[in-house]
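Protein chains: 2
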Amino acid sequence: MSTYFEDLEIGAVFELGSHTFGREEIIDFARKYDPQPFHLDEDAARQSLFGALCASGWHTGAVWLRHLMDFRKREADLMLFRGERPARYGPSPGFEKLRWLKPVLVGDTLTFTSRISGKIDSRSRPVLGLVLFENEAVNQNNEVVFSVVSKVFVERRIAYEA
Amino acid sequence: MSTYFEDLEIGAVFELGSHTFGREEIIDFARKYDPQPFHLDEDAARQSLFGALCASGWHTGAVWLRHLMDFRKREADLMLFRGERPARYGPSPGFEKLRWLKPVLVGDTLTFTSRISGKIDSRSRPVLGLVLFENEAVNQNNEVVFSVVSKVFVERRIAYEA
Chain A
1 MSTYFEDLEI
11 GAVFELGSHT
21 FGREEIIDFA
31 RKYDPQPFHL
41 DEDAARQSLF
51 GALCASGWHT
61 GAVWLRHLMD
71 FRKREADLML
81 FRGERPARYG
91 PSPGFEKLRW
101 LKPVLVGDTL
111 TFTSRISGKI
121 DSRSRPVLGL
131 VLFENEAVNQ
141 NNEVVFSVVS
151 KVFVERRIAY
161 EA
Chain B
1 MSTYFEDLEI
11 GAVFELGSHT
21 FGREEIIDFA
31 RKYDPQPFHL
41 DEDAARQSLF
51 GALCASGWHT
61 GAVWLRHLMD
71 FRKREADLML
81 FRGERPARYG
91 PSPGFEKLRW
101 LKPVLVGDTL
111 TFTSRISGKI
121 DSRSRPVLGL
131 VLFENEAVNQ
141 NNEVVFSVVS
151 KVFVERRIAY
161 EA
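Sequence order for the protein chains is A and B. Numbering-wise, my numbering puts 47 at position 47 of the first sequence, and it's gapless, one number per residue. Numbering-wise, my numbering puts 92 at position 92 of the second sequence, and it's gapless, one number per residue.
Just so you know, these hints were derived from the structure itself, not from any lab. The reader is advised that the hints may include incorrect statements.
Each pair may be met inside one copy or between any two copies, as identical chains are not told apart.
As the list claims (entries may be wrong) - Straight-line distance between alpha carbons at most 25 angstroms, and here's what the computed SDA-like set of lysine to any residue pairs gives:
#1 Lys151 with Arg46
#2 Lys32 with Gly22
#3 Lys102 with Pro35
#4 Lys73 with Gln36
#5 Lys32 with Pro86
Given the sequences, and given the hints that come with them, work out the whole structure.
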């Protein structure tokens, strides 16, 4: 599979892998970036509307991002293995519709997918195209817990062949 | 100042403080969550479109979040000091328009502000109201480098007085 703009198909779904959220990593992230009681302390969490210790929403997003980057790296390595230069990705003009639909509790296993939902030609940058992705995380009960629409400029094959 | 829904005024701007991004923390965050070469390695970054080592966009967002949480904690502590119960915040129905407008380079100092841009009554939850915030980070050259619209349910005074 190629990762150039021309070769990305709307509707394609990529499996990005899974991650089980541990107590220590939830607390570690929260201490640094989101020190709310229900992300730090089990007793406080039990008394909160979440009912149990849960990950910062920004932590869930960070773990999704890591899975996306690892997926792109695997795709790029496959192209290098075939002797092709992988397409360059970035920058991003922004993300939309960041949603935390259910709490992510200690021990929950999230599975991440990314679906190509749109492709837009770039008038100002002829060697790039803009690709939209609908990203989701579902937990072990198949409930969607997180979603975000990401956008990234992707190199066109024409840029490689020129 | 009270932090209850009724007492929040559209147009109010909150100063959340500043943070200088160090080389080590940029690399540490990138190793965990966004291992792209221009977030990890100075030589690779020089050859990238950013031209120098720069923070993961998700890292910038995480640091903004931390400043927002510390600000809310200070406001809550002030209310407790006056013998009032602080308003409960959360959950969030989502964030919109996440933007990374300029790279955040090693040594850059970002200053974070949050402006109340809207208030919406909640039909389904009469003790809460939805508050919209336009959040921004500017660097030491007064360039906006990051912005996001956040939304959070905020407790009404009526819930406290009931």
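*Can you list which hints this structure breaks, lowest number first?*
Going through the list in order, the structure violates no hint and respects every one.
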